[in-house]
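Given only the sequences and the hints, what does the whole structure look like? Please build it.
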Amino acid sequence: MSKPVSLSLPAPRRRLISLPRLPLTSAIALVVLVLIIGMAIFAPWVANHDPVALAPAFRLKPASAEFWLGTDAYGRDLFSRIVYGARISLTVGVGVTVMSILIGLPLGLMAGYFQGLDALLMRVMDGLMAIPGILLAIAIVSLSSAGIWTVMIAIMVPEIPQVVRLVRARVLSTREEPYVEAAVLMGTSTLKILTRHLMPNTLAPLIVQGTYICASAILTEAILSFLGAGIGTEIPTWGNIISEGRVYFQLKPSLVLWAGLALSLCILSINLLGDAARDALDPRMKKRGAA
Amino acid sequence: MSEPSSDTLRVEHLCVNTTHGVPILQDISFEIRPGETLCLVGESGSGKSVTSLATLGLLPKDALSAASGRILLDGEDVLQVSNGRLKALRGSRMAMIFQEPMTALNPVLSVGRQIDEVLQTHTDLTAAQRRAQVMDALAQVHLPDIERIYDAYPHQLSGGQRQRIMIAMALVLEPRLLIADEPTTALDVTTQQQILKLIRELQQKHGTAVLFITHDMGVVVDIADRVCVMRQGRIVESGTVADVLSRPQQDYTKALLAAVPGLEPRAARREVFSAQVVLDVSELGKVYPPAGGGWRWFGKAREGTRAVHDVSFTLKRGRTLGIVGESGSGKSTVARCVMRLLAPTHGAIRVTGKDISELSAASLKPHRKRIQMIFQDPNRSLNPRISIGKSLIEGPMNHGVPFAQAWARGQELLELVGLPVDAIERYPHQFSGGQRQRIAIARALAMEPDVIVADEAVSALDVSVQAQVLQLLQDIQARMGVAILFITHDLRVAAQLCDDVLVMHRGQVMEYGPAAHVLAHPQQPYTQQLMDAVPGKGWNFAAGQRI
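Residue numbers (our numbering), protein chains in the order written: chain A, 8 to 298; chain B, 263 to 809.
Hint data in this document are derived by calculation from the structure and do not stem from the laboratory. Source: prediction; values computed, not measured. All C-beta atoms, glycine included, are put in the ideal place defined by N, C-alpha and C. Watch out, some of these pointers could steer you wrong.
Claimed, not checked - Using C-beta positions, here's what the derived DEER-type ranges look like:
(1) Leu179/A to Met742/B: 35 to 41 Å
(2) Leu109/A to Ser536/B: 55 to 61 Å
(3) Lys467/B to Leu179/A: 45 to 51 Å
Have a look at this one:
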């Protein structure tokens, strides 16, 4: 070229690691969730009793220094049971989220990119969506043995279409972008176009969707346990605790209330963090919400 | 608060700041007399639109506010009046037409109703009187079959018709001031010419003052009485059109005028007859299948939409062929067929002798390398999430070039397109539109193609940046001997860049030949019409005088 044009460029943006300024509700939600997670991980140290050891001599004791939240009908320490229950709830929540994304993301990418596959795959997904989640879970659990895996799979199946639809919608709009067409023209393989140019655009909404899946999975697991169609009663879960406490509700309502409180706080804080993530990742939604 | 004045609009020392105190407009002063057109001209970000919004009292309250100055509409300060009064002023005393009439019109109301609504809000006329007045307004903007148009919805009208509706709506209350913000930018040249003529005609009839905002110097020549050149929130130069255009005082104005491409085809380059034909397209056709499939159980098969029909051309190494036409002429479809982003339904596309029109996606890959594309929108043609370097080496590495070699080549190419070598580590958002278009050119060159297809590659750029990018394309062509297929709606750009020109209309070739013939002595009526509609054709920007 005839003469080089000198151009000044802005300084490269430095990515400083700084704590984002959270709104108060999100901050509280974060603290609560961290506490619950910490409780679950360090359960053997947090809990001061064996959660499953039966002690008929101590049935239905009120709260005391020995039994912080009292004991249940079999003399088991309620606080310890709730602490261990957090393990099940979080495992189910995170497990279902990760699994449904691992399965739904590739399916969604393919449905969005390959038009022939799209019609077939989305009809299957429509079919899955039409099945009520809890009924399906009860069916699967009653056909097979009730373990944590069967419960997780039962909860996951109706969540997959949500992920697939979300990813597919994102891919459909992104694949029209000139940079994707440019990649096609440069001979980039389809796999690489999917993973490198299309997938990153789906991650932000997936994170938000993931928090909702997590919260709803925890709730569904509790419902299944409560209905007796979930994880066996020998394992302490929040749903099991509520279910067993229900019988003694008039005698000792705290059996139901404490576990219910833990469940509500956990789901509420996950949902609040999901909202915060959505606001951070998609500021337009925030403005719309405020208006 | 009212003071006598002969000016319809008088802006005095207007300053507008953001809420953080950053000045957006500084010391803007101008006045418009009845029946006069003032053009605010400037590149993107110069503050033209903010000026018009301030005049209408429509500054976004949470972002911008007028810090000082006065905006006097017939002596009444728009910045001081109450909200209620402002609403009454808008519509009755001043009105605005926008760039994109489709978004300015309500899609679920018939256009007649929408004009009627303006009258309903601002007058006490009876329904019958209002209807008569709406019909009169529709007739004044020369719409055909106004009874039918009255009940039509926006999507049933063409872009030009919608803009006429907007004008009818703006002028139905006979405002004293009409603000037109890039009203013809989204329209084709022939439609643009008609709309400009219409605004002129109605203005003379009603004595309206017009504040016309544009980035196009050609439009300025065609419509303005006086012109204010804006840059970075200031008016750098103002005066009558003849003064500013023929005797610009400021360097910026001179540069702006110099960047307007001339309409005279550039001197023809010597044609090397032995040069290899790198792209040979013959009888190319593309038919889109009808919605809902091409055949039916009963009756005759439905016909598809014929987007392109029987297009043939050849392109030799080192030459530039321009495909010009209005929107819907099929020029982009030709480009996308040539790139095989679309599969053509008829004809052959030979790239260095090999027909690629019927190759499958897999067998196409080795030939993809030969032909690369530059897209219109620089903001969308680079993946925002990966660095410039990764974008540049993606193609070569797909074709087996080792990473180190591709990276080094990427750095060379960035230098070639006039960017610093260290730009390779950065991300697209750190560059301006013009710089991004340079990167897109570098990315195309990284594949060492024989042909570059540029689809409206400079249309989204400001005129001065556009001139630089065009110069870059020419330099690269001279150095590397690449052939360029240049798709554009802008005949000025085509005249400056192209050796040969192919004029398309409704999917067919109207005229094809050397630029000097086609543009200087058009044979076909359509080409003549197109040349005639180029804004500012009566002005020679290089010489600064009327032709």
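Violations among the numbered hints, reported as their numbers in ascending order
none
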